[in-house]
Amino acid sequence: MATLTAESYNTGFLPTWCPGCGDFGIWKSLQGAFAKLGIGPDDGMVVYGIGCHGNMYDWMRMYGFAGLHGRALPVAQGIKLANHTLPVVVVSGDGDCLGEGGNHFMHAAKRNPDLTVIIHDNQVYGLTTGQASPTAKPGFKTKSTPEGSTDSPVNPLALALVSGATFVARGFAGDMPGLTALMEQAMNHKGFAVLDVLQPCVTFDKVHTYQWYRQRLYKLDGTGYVPDNKLTALEKSMEWGDKIPLGVLYKEDRPTSEGLESALQGEPLIRLPLEPAHWDKLLNEFV
Amino acid sequence: MKDNVTWTIGGEAGFGIMSSGTVLARTFARTGYHVFAVNDYPSLIRGGHNVVSVRIGSKPFYGMTKDLHILVALNAETVEIHKAQLNEGAYVLYDPKEKEWTAADFPKPVTLVPIPLRDIVSELHADVVMRNTVVLGASIACLGVPFEALFSVIHDQFIHKGQEVVDQNEKIARAGFDYVKTHFAALTDMHVSPGTVTEKQAIVNGSEAVGLGAVRAGLKFAAIYPMTPINALITFLADHAKEFGIVYKQPEDEIAGINMAIGASIAGARSMVATSGGGFSLMVEGLSLAGMVEAPLVIDLGMRAGPATGMPTYTEQGELLFTIYAGHGEFPRIILAPADAEEAYSLTATAFNLADRYQVPVFVLTDKYLNESQWCIPVSQLNQPVTIDRGKLLLSDTGAAEGQFQRYDADVENGVSARSVPGAKHGQYYANSYEHDGTGHVTDRADTRIAMTEKRRRKTKAIESGIMPPVYAGDEQADITLVTWGTTKGAVITAMETLRSQGKKVGVITYPWVYPFPVAETKKLFAAAKRIIDVEQNATGQLARLIMSETGTEITEKLLKFDGRPWLPEEIVSKLS
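Chains as they are written, first to last, in our numbering: chain A, 894 to 1180; chain B, 3 to 579.
Since the hints were derived computationally from the structure, they do not count as laboratory data.
Fair warning: this is a prediction, and the values are worked out from it, not measured in the lab.
Cβ coordinates follow ideal geometry from the N, Cα and C atoms, glycine included.
Worth double-checking, as some hints may not be accurate.
The calculated DSS-like cross-link candidates involving lysine-lysine, where the alpha carbons are at most 27 angstroms apart (straight line), are [unchecked claim]: (1) A:Lys929 to B:Lys427; (2) A:Lys929 to A:Lys1112; (3) B:Lys525 to B:Lys506; (4) A:Lys1099 to A:Lys1034; (5) B:Lys85 to B:Lys99; (6) A:Lys1174 to B:Lys457; (7) B:Lys532 to B:Lys560; (8) B:Lys532 to A:Lys1003; (9) B:Lys4 to B:Lys61; (10) B:Lys506 to B:Lys457; (11) A:Lys1083 to A:Lys1099; (12) A:Lys1174 to B:Lys532; (13) A:Lys1123 to A:Lys1136; (14) B:Lys68 to B:Lys427; (15) B:Lys506 to B:Lys532; (16) B:Lys577 to B:Lys85; (17) B:Lys506 to B:Lys427; (18) A:Lys1083 to B:Lys427; (19) B:Lys525 to A:Lys1083; (20) B:Lys577 to A:Lys1174; (21) B:Lys85 to A:Lys921; (22) A:Lys1034 to A:Lys1083; (23) A:Lys1083 to A:Lys1003; (24) B:Lys163 to B:Lys61.
Partial list, computed: chain B residues near chain A (C-beta under 7 angstroms) [what the hints assert, rightly or not]: (25) Pro148; (26) Phe149; (27) Lys173; (28) Phe223; (29) Gly247; (30) Gly265; (31) Glu287; (32) Val444; (33) Ala448.
Going by beta-carbon spacing under 7 angstroms, a handful of chain A positions derived as facing chain B [what the hints assert, rightly or not]: (34) Trp952; (35) Tyr956; (36) Ala959.
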């Protein structure tokens, strides 16, 4: 195949996202990261959730699984266990991954499969025209919270950390070069990599605009922050307000769930012989 | 001498009741007998009343009867609960230290066999839990089988723990055996006539039979959340995962389980899930996903008494219509219903081929009675060759033009289009939960929607052409035709034999393949029937309702049982005599 570029993944379909949506930046960054890592359209799999983010598959030429709302992580784990040599990326949203799929997120992190999950985090359900998502901040007015959200928001980074994720980072949809680099690092990480991507919803959120974010975001790179301590990372994950950190909060080497499976020490499951060896020996256990 | 003896052991959970049943069943299977064992227990780990019954026959038989010839009571409660069920002349083995029983305590004449179980284990410095081993030895003596038969099973069970453990167990079992030989030498009427089976037999529970069928068919991935009655399948797969190159994953819930299995299937691995009704309720959304993305998937649904948590350790055939109608939207599926462990093995292997051939979810509809009973299968049956048919699966290169692979080609004649797996060259597509076109791109165009719906519907037509017909047994010109499915078959067949021995002309129709329903074959069988009676283990006659909706024939006579206990043949006979 010719040299991969972001264009290698175009499908001929054009995005149906609202003009200015943060999803564009995430989509282009992901294409760029795949190209840089040399993962062509036949070489990997993206598992999408349901939400505005999930529509990305239609303009992403790469094996894709567009499943049910909230269920991307279990599907991705099944794929990875069946073929542990295949690069698998999960494209999910704050509602998909932390609302409907919250239990799956916690358990995926604890198992540490070699997956990258990219969470489109914009505090709203865009596809259903603007209700509060699990990450909606208190007081945030949406169609489902006209008086302002009353709940304490889910903190995706803190939840990932305490659940056992081995790579935890935050990116910004308005910073494509920075986001592409974070995606590359996440995909190169051997283990469960969580990349929470802050993105404005230009249609249903008039508060958290690109400008709102740009005034507050700062990069951890160059501040002397070392992402090797879970408690420090947890503290950093709680930083929100005037200053919001971007970059890798935490990274740890831990055996992956595939790596710990005795059947997966060589060829992937899909290449193993179907006929059971030692059938007679097995039957003798029951005689 | 008896051709058939039913032996029952009872006591509190934690007394080793369940394992005694397995050891006794194995002992007799090795000695040339037909055996079958059922359990009855509440949903708890310690205390409560646990029972295992083993039926031993020198000739073939099918399931349990009301007979109870030998009762082994590890506590007084066991005698209280079961004394009314005892046959005349039955033996009661008990420890007088638990309670002194006299003949007057029993409604019928019985033979009391008091054995000082606690004294024997304490003399041998063994734990009180070893009383079950003493009674195994004593039981073997009552049944007139040489001690060596039991010893061979004990040896194989404990040898991996070392010779000392084998010796200790042997000593304890022999003490029970010798006690009966010494103190009750005259008791010979429960001796069972010599076994006639000359080939090797396996003793498996229904879950293990499903597991064996799955492994034989090339199962590679299973995600199963623990739930009674399919837990033995988890144990089987987890224990053998390394040996057979399988991944068993315990998911966080059944929703994750079915989605993991669908993911593994789309990636190219033969995959399955297993659960009971409540867990399957959680899987229903995923079932619909499998239907839409056309993922081959095998679902072992072990039915138990519902609704909700119901009676978790008791049996029922309550999910037939649920599995037929489960899932939003319309999509094809196949439902198989094994009657016994041998069918559970063979139909599970078949299920994987059907799933791959038609790219649909396939149910193996089992139940608590099948999953947790111990069945005896000739090893030669398990050695029959199994063909593996993976259907239109492209694992390496599809040869399609760049970006043009038509995974969901709507024009294929039988609706089954070739599938690639991620990583295969020129096979890129989307497994899409949204309605989609040939490459998996989303669409809501009316013409594509019609084409895709018809594509999926054509798969049902193709499936119907390979349907497994209902099985007919009994008289050609029957006055009574009993219709049943799944594990109720055993009791119905036995009842038929009794009724025929009374001079009645009786036939039985059973359905190893329930859905898509074999309409033509059923109509043919029904046309020849005079009086049709539906027999099921549920309260609403679900098979009868299915038959009504598929054939237009209403079965007005129904025998329905829904107390959680499997049908016994005498119960059927008494209603028809």
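Hints that the structure is at odds with (numbers, increasing): 6, 8, 10, 11, 12, 14, 17, 19, 20, 21, 22, 24, 25, 26, 27, 33 and 34
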